[in-house]
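K.L.:
The listed protein sequences correspond, in order, to chains F and V. For the first sequence, our numbering assigns the number 1 to the initial residue and increments by one for each residue that follows. For the second sequence, our numbering assigns the number 1 to the initial residue and increments by one for each residue that follows.
The set of hints was computed from the structure by calculation and includes no laboratory data. Possibly wrong hints are sitting among the right ones.
[Stated by the list, open to error] List time: in silico SDA-like cross-link candidates among lysine to any residue, alpha-carbon distance up to 20 angstroms:
| hint | chain 1 | residue 1 | chain 2 | residue 2 |
| --- | --- | --- | --- | --- |
| 1 | V | Lys49 | V | Asn254 |
| 2 | V | Lys229 | V | Thr66 |
| 3 | V | Lys229 | V | Asn254 |
| 4 | V | Lys249 | V | Gly265 |
| 5 | V | Lys336 | F | Val295 |
| 6 | V | Lys336 | F | Ile291 |
| 7 | V | Lys336 | F | Gly120 |
| 8 | V | Lys336 | F | Ser121 |
| 9 | V | Lys336 | F | Ser91 |
| 10 | V | Lys336 | F | Thr106 |
Only a predicted model underlies this, so the values are computations on that prediction, with no experimental measurement involved.
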Amino acid sequence: MAPDVLVDDVDEADGATGAPTSEANYVAEKDRSFLSRLYTGTGAFDIIAKRRTWYLVTAAILLISIGSIAIRGFTLGIEFEGGTQVSIPVSAGITSDSVEEVFSATLGEEPESVQTAGSGSSETVQVRTETLTIAQTEQVTRALADKFGPGLTAAEVSSSDVSSTWGGEITEKMLIALAVFLVIVFVYIAIRFDREMSTAALASLFFDIIVTAGIYSLVGWEVTPATVIGLLTILGFSIYDTVVVFDKVAENTRSVLQTSRRTYGEQANLAVNQTLMRSINTTIISVLPIIALMVIAVWLLGVGTLKDLALIQLVGVVVGAYSSIFLAAPLLVTLKERREDISRHTKRVLDRRARVAAGDDYREPRPVRGRSSTGRTSRRAEADAPQAPTGKRRRSR
Amino acid sequence: MTTPRRASAKRSGPPREIPPWRPLTAFLVLLAVVYGLVFFTGGGSPTPKLGIDLQGGTRVTLTARTPDGQPPSRDQLNQAKQIIEQRVNGLGVSGSEVVVNGNNLVITVPGDDGKQARSLGQTARLFVRPVENVTAATPQPKPADEQDSDENGETSAAAIDEQRKLRQAPQGANLDALTAQMAKMDCSPGANDPLLGNDLPDQYLVACSQDGTEVYLLGPEIIDGRDIKNATAGTTQQAGAWIVQVEFKGDAQNFWPTYTGQNIGKQTAFTLDTKVVSAPQIRGAITTPQTEISGNFTQQESKDLANVLKYGSLPLSFEASDAETVSATLGLSSLKAGLIAGAVGLIAVLLYALLYYRMLGILTVLSLVLAGLMVYGIIVLLGRWIGFTLDLAGIAGLIIGIGMTADSFVVYFERIKDEMREGRSFRSAVPRGWASARRTIWSGNAVSFIAAAVIYILAIGEVRGFAFTLGLTTILDIVVVFLVTHPLVVLASRSEFLSRPSVNGLGAVSEVARRRRQATRPDRATASEGSAK
Numbered sequence: 001m002a003p004d005v006l007v008d009d010v011d012e013a014d015g016a017t018g019a020p021t022s023e024a025n026y027v028a029e030k031d032r033s034f035l036s037r038l039y040t041g042t043g044a045f046d047i048i049a050k051r052r053t054w055y056l057v058t059a060a061i062l063l064i065s066i067g068s069i070a071i072r073g074f075t076l077g078i079e080f081e082g083g084t085q086v087s088i089p090v091s092a093g094i095t096s097d098s099v100e101e102v103f104s105a106t107l108g109e110e111p112e113s114v115q116t117a118g119s120g121s122s123e124t125v126q127v128r129t130e131t132l133t134i135a136q137t138e139q140v141t142r143a144l145a146d147k148f149g150p151g152l153t154a155a156e157v158s159s160s161d162v163s164s165t166w167g168g169e170i171t172e173k174m175l176i177a178l179a180v181f182l183v184i185v186f187v188y189i190a191i192r193f194d195r196e197m198s199t200a201a202l203a204s205l206f207f208d209i210i211v212t213a214g215i216y217s218l219v220g221w222e223v224t225p226a227t228v229i230g231l232l233t234i235l236g237f238s239i240y241d242t243v244v245v246f247d248k249v250a251e252n253t254r255s256v257l258q259t260s261r262r263t264y265g266e267q268a269n270l271a272v273n274q275t276l277m278r279s280i281n282t283t284i285i286s287v288l289p290i291i292a293l294m295v296i297a298v299w300l301l302g303v304g305t306l307k308d309l310a311l312i313q314l315v316g317v318v319v320g321a322y323s324s325i326f327l328a329a330p331l332l333v334t335l336k337e338r339r340e341d342i343s344r345h346t347k348r349v350l351d352r353r354a355r356v357a358a359g360d361d362y363r364e365p366r367p368v369r370g371r372s373s374t375g376r377t378s379r380r381a382e383a384d385a386p387q388a389p390t391g392k393r394r395r396s397r
Numbered sequence: 001m002t003t004p005r006r007a008s009a010k011r012s013g014p015p016r017e018i019p020p021w022r023p024l025t026a027f028l029v030l031l032a033v034v035y036g037l038v039f040f041t042g043g044g045s046p047t048p049k050l051g052i053d054l055q056g057g058t059r060v061t062l063t064a065r066t067p068d069g070q071p072p073s074r075d076q077l078n079q080a081k082q083i084i085e086q087r088v089n090g091l092g093v094s095g096s097e098v099v100v101n102g103n104n105l106v107i108t109v110p111g112d113d114g115k116q117a118r119s120l121g122q123t124a125r126l127f128v129r130p131v132e133n134v135t136a137a138t139p140q141p142k143p144a145d146e147q148d149s150d151e152n153g154e155t156s157a158a159a160i161d162e163q164r165k166l167r168q169a170p171q172g173a174n175l176d177a178l179t180a181q182m183a184k185m186d187c188s189p190g191a192n193d194p195l196l197g198n199d200l201p202d203q204y205l206v207a208c209s210q211d212g213t214e215v216y217l218l219g220p221e222i223i224d225g226r227d228i229k230n231a232t233a234g235t236t237q238q239a240g241a242w243i244v245q246v247e248f249k250g251d252a253q254n255f256w257p258t259y260t261g262q263n264i265g266k267q268t269a270f271t272l273d274t275k276v277v278s279a280p281q282i283r284g285a286i287t288t289p290q291t292e293i294s295g296n297f298t299q300q301e302s303k304d305l306a307n308v309l310k311y312g313s314l315p316l317s318f319e320a321s322d323a324e325t326v327s328a329t330l331g332l333s334s335l336k337a338g339l340i341a342g343a344v345g346l347i348a349v350l351l352y353a354l355l356y357y358r359m360l361g362i363l364t365v366l367s368l369v370l371a372g373l374m375v376y377g378i379i380v381l382l383g384r385w386i387g388f389t390l391d392l393a394g395i396a397g398l399i400i401g402i403g404m405t406a407d408s409f410v411v412y413f414e415r416i417k418d419e420m421r422e423g424r425s426f427r428s429a430v431p432r433g434w435a436s437a438r439r440t441i442w443s444g445n446a447v448s449f450i451a452a453a454v455i456y457i458l459a460i461g462e463v464r465g466f467a468f469t470l471g472l473t474t475i476l477d478i479v480v481v482f483l484v485t486h487p488l489v490v491l492a493s494r495s496e497f498l499s500r501p502s503v504n505g506l507g508a509v510s511e512v513a514r515r516r517r518q519a520t521r522p523d524r525a526t527a528s529e530g531s532a533k
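The following block holds chain V by itself, in its conformation from the complex (with noise of 0.2 angstroms):
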């Protein structure tokens, strides 16, 4: 049954077997659009973005609490994500991110300034205090700023104090001091403001408004967030304008009435971590459960005020799990042992190769060689576009891939060695050798991909890196095999020079065949006298 393939090899090739120039060229062509697109997009940068673990920094894993122990509902997470950031993005250190992973929020912050990251997930405290003033938030120089956010790398606790002293002052004290405070302000949204989420509740205190625009002077807290019950955004029966109903519990709400009552035409402000969130101005007294605040409401505000004030805060509470802060000198020193251990790695598969397949090994090093470059520029490139940070654990997926991708070609050399086992020359093997590897080669990396993807979606913390790198060699080792080696073997296959056994390493097989085809001559001239009888 091989005889008319064979026939048709010494023709014209195989059949149906594609040119290896083709393939070849469009894995060049592939790999050339990879590294076009790093180095002439995204500012052209052919690093990948290392995770805190290689690079320093600090990382905080927040995970969801919820009362009844039920998993929190997405939109609950994305709420917290986004109050979450804007805490991180008040730290003032660039490159600085908040990811849902699963029921954890996962804040990433680079450098060594990074450390106050690990206090961002307490639950930020919402009070209502009275306004005693309020101004245009004055701009301030630069400089100040810079100096602000310089000690604050080192010195938190030294850092609220100050701005306590500065900002705050207890009840009955002359209160000319803060409102001077008031002008040196620095509301601008990137400010950084040690005092979030740290003021006094029973002392006055300076505070910016949430957009920056204005300062206000408050009064000590006459109503702890907690005390308030629900929150709900609305529309008023008559114009139709969005509103924010509130309802308070406990003291609260006997408080409310009476406070209201006396302090009509003075506005009453929200604040959240020490920004005033909304400052209505209270037009007659309460008596009703409800609270109504109007104002020029959008749907999206009315509904994100309410929100903010029934969750008093975070829509959730947060337990760090997970806190950790790697000096910049450690990350140096794990990306070295990592990128050792890739090339010592690399360099023994390489030397086993060369030595057991001979020439075929040069092969294998040609192929993981381009393998690993495309990893590379991919992990560039997901860096950009999807954010993909390469960490400890994705290291250790890669040089854990460096032989899961060789294993491809030992499935596919021992196939051909089967075939001329079986008496076929190296040429003739190959097609059929291919054949049946390709499919093993498909089957196998199947079960490694569905393996991978499971992990990345259901694993949390740092193993997702791992579950990425090692997904990610798997598809490329399909490419590679396909596009690369596949292709070059068949080449090989045509060489004289490759077809010497003492070159490919092939010789203990042939000789196996060929003392077979010697076997079976005599055999044959038997058997055909028998017939012939």
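So that you can see chain F by itself, here it is in the shape it has in the complex (with noise of 0.2 angstroms):
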């Protein structure tokens, strides 16, 4: 609680005063258009001081999620049901009537489903029964040879058999990989960044796979091995994601605690904003060729890996790319803040900016050797008008 009503501070210092913050590149050139100041990264959006929307945000979203889970739950493949799925080539003369026709003629039941898939040369007809035995499934692969005969031949009839077994190892499998990825990852991050980082990640690591889940169980496609395991392969992604920015991260608050300029919250939005085009076109380049499999997969299968694939991955890729920004950045900043060291900083940050505010203001124009002052100063000289809006402008976006 503490560091969001202190965030506020900054906020209302910010905006009351319009006291500089930052270097350069943590200025927002207001009279640059939105894409330009995304492209440049100098947008100096404000991400972590708005961290409580974000929050409830997240909240909304992975509420959205579960109530999807549990109200419309997963329409299960074959995999976890068990049955036997026999696909017949689309020629003439095939309609999937025809072929349920034949199907029940020759085994004396009626199938679960017929339909029909995919299209063009690739279109085939679908027919879902429970378990055929091997001579059963000969059977009628033989009499659908015989009825549509010599534009199908038995070698063109492709079918599957699954125990209802199989999907529920598979899934056993998925659930201790996740948790050997899990602890692994949390290793990894705690030993290259530090413990909050890791904390952070696995929450929104967390957050995708919920998401992720959610969103498959909205749209309602069958749930097979392959959707289980795209799953576990989002989380590559997303933790990657998190990463870049998270190295942005620790690269500009290494010795945020050695000056009183700004709080680790606000390098750490710095870090956000420079990486925000990285994330964006990241995501784009990812989901690309994601989306070109899934519409190809779509028009010409129909159905399988492929299709099932890409939609998770498609769904991963875009939420990953979300909460690296809004759920993992935010999150570590809050857990950092409720460091002592850090949470002093803050403080002290704020404290010397409310003094100037005051009226102190006989230190500002003092020049300080460095870089960063030169930026500072420059922004003062070059926009006195747009300043006082500034912490406005931002809290309205």
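Got two chains here, each in a separate frame; can you build the complex from them with the hints?
P.N.:
This is how it looks when you write it as structure tokens:
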């Protein structure tokens, strides 16, 4: 709770006085367009300071996801329920009705479902039934070939039998893999960075998993083993994204405690801004091939591994980018602010700023040696007028 | 603090910077080596080994079931694998294989003839049958065999019926036809036997020995393999020769002494899936609980025999968890879809890179193309060396890997922009941007690789292929960024043409930096004035 109040103070102080808070690249160049600021990394978007809002948004997304999983649940694929699926390439005279007819006539019972999938030369009729014996499958295949031949030969009929325990087994393996992965990642980040970063990264990982699963449930596609383990693979993506942001945060905050110019949160915000364009670019670049994969898989093949993997990855990449920026980084600052040294430092920075604001202005114009001071003063000199609304405008965005 | 670096950059390039041609050459040499291996070893066909979902065929995943739910031992799995491998070879389809994956055996049989593979996981059947007659196997002319296997692809039930008529007869029947059949048996190891595991135990049977050297005429079964309580390999006390000791249970326990008492001097055969594993001669009535089978066994042979007898067959019972037959046409269209998706994805990324990074995008394109060539070559080689098969999930991994590979460039270029924003020129921003991008690329790829490795080791089924290609692209990403992208960017930064903001797309950032420099100038003036006062 306490850190949030402190941040509100920052805003107040900032907004009220327009006190310089940063080096040159932290400055919002208000006269430039949104896209241009995004591109040049001079957006100075207040992501960390607004973290309460982001926590609310995040909680809402989580609620929707969990709600969807609880209410709608998942459509389980053949691998979880068990059964046989026969697929027949579509050629002259083959329709789902005619296939169903042959099927029922041969085995004496109705199939569970018959549908067509894919398009063009890849179009198939897919029949799902309870598990058939090998002999039954062969019988049906031969009957189909007899009826629709010579356009259809027995060799062109694909089929798969799956036991009902197969999906469960894959899920069990996935949970083990997930646990192992989380432990390794926690340790890796704790060694490479620190414990708070580890915790924040793991929290955003959990968020990614739940939301990706939730969105999959909303879309309502069948859950197959490919989906289940696809969920695991987005972890790699998500953690990669978080690591890139944290790497910049670590760089920016390396010596933050040695000066009282800026708080940890502000430095972290700067890092988020500096990596914002990368996050967007990477997401677009990752998403482009995945969309291509999904469109082509759905359009040409209709079903299968490619489609399931593509949807999971698509959602995972987008959610992963969101969580790195709007959950992992704010959460990191919240966690850090709970540490004594950081919170004391934050207070010191804010106190100093408040003193300046209260009229101890005599210090201000004094030039300090080094690049940072030039940036700071330049900002003052450059834009006297737009300074006051800075804080408000930031907040309203 | 940047001044000395800049000065040195003007003179001889940044310190500790490796000449860019060196890593580029190293990469090209590496690429040449890979493609040299691709074209000049292993037959030289530059195509990867495709999974059955891309070329058509049958894949069966057999999951081991133990009575107590404990995971099966490695030994048991390996032994089951051997037995099933023998059965798969019996199908006579080339390129078939059996691999152990976790607690599963995965059988892959390419082509359209593999549907019978689905029944291979059934526990093999072991019977004890009296031997009526035995002769050496006569080699059979080839054509008959070929015709046989052709028929088999589609009508295995009919083939089994036909073989039963030829090789089996009910109790009390005239055995002349069967005796005649013995001379026609093809006992060569690769021969296709539809009757494998499908014989009727209560009838006479013509069967080959496991090594294919002898043909037996066997009587109806006298003991079911399930009545074997235990079998162990051991040595005799006097001669130290290897023997197998068998212990029966149930009815067989009482039947065996009576039977051996009445049939001294005759042979009895242990048959496994219609093949004679061992045919010892009865030397006397066996009244002890243990029956000794002796022969000229080596240690390994006696152990193998003991295992076969003990487990009845397979050391484990298996359930076909997932059996899939993909027709060659469906496989081909999946492959096509994957390739189209890959091409479209690649082009989309390239267009975006060109739009966003202008000329620098061309470096991205070049790096991606080289990375793609490398990945392809390595997949071909891995297919030959470790039997890595590229399946549909693997293709998905590669396509998704495009985005991950391109990300390293994004990290790098964004860091260069960071540096330029602070007022550096393109040329001097490159080494500093690289220093910080390098670290990020390492950490990021390390976690990606951990993810891929964990999934590869722990996951089962088709997603392993996905994890494998994803891990591979992660490693190659590092290689390409270090050996190709970075040197190319360094070269670009030294080119006057590419340093023009309109060409490299870094105009907006240079503009920001320029404005900042301008804004600073008056301040500097004031500052120096101030200090002068």
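K.L.:
If you check each hint against the structure, which ones fail?
P.N.:
Violated hints: 1, 4 and 10; rest satisfied.
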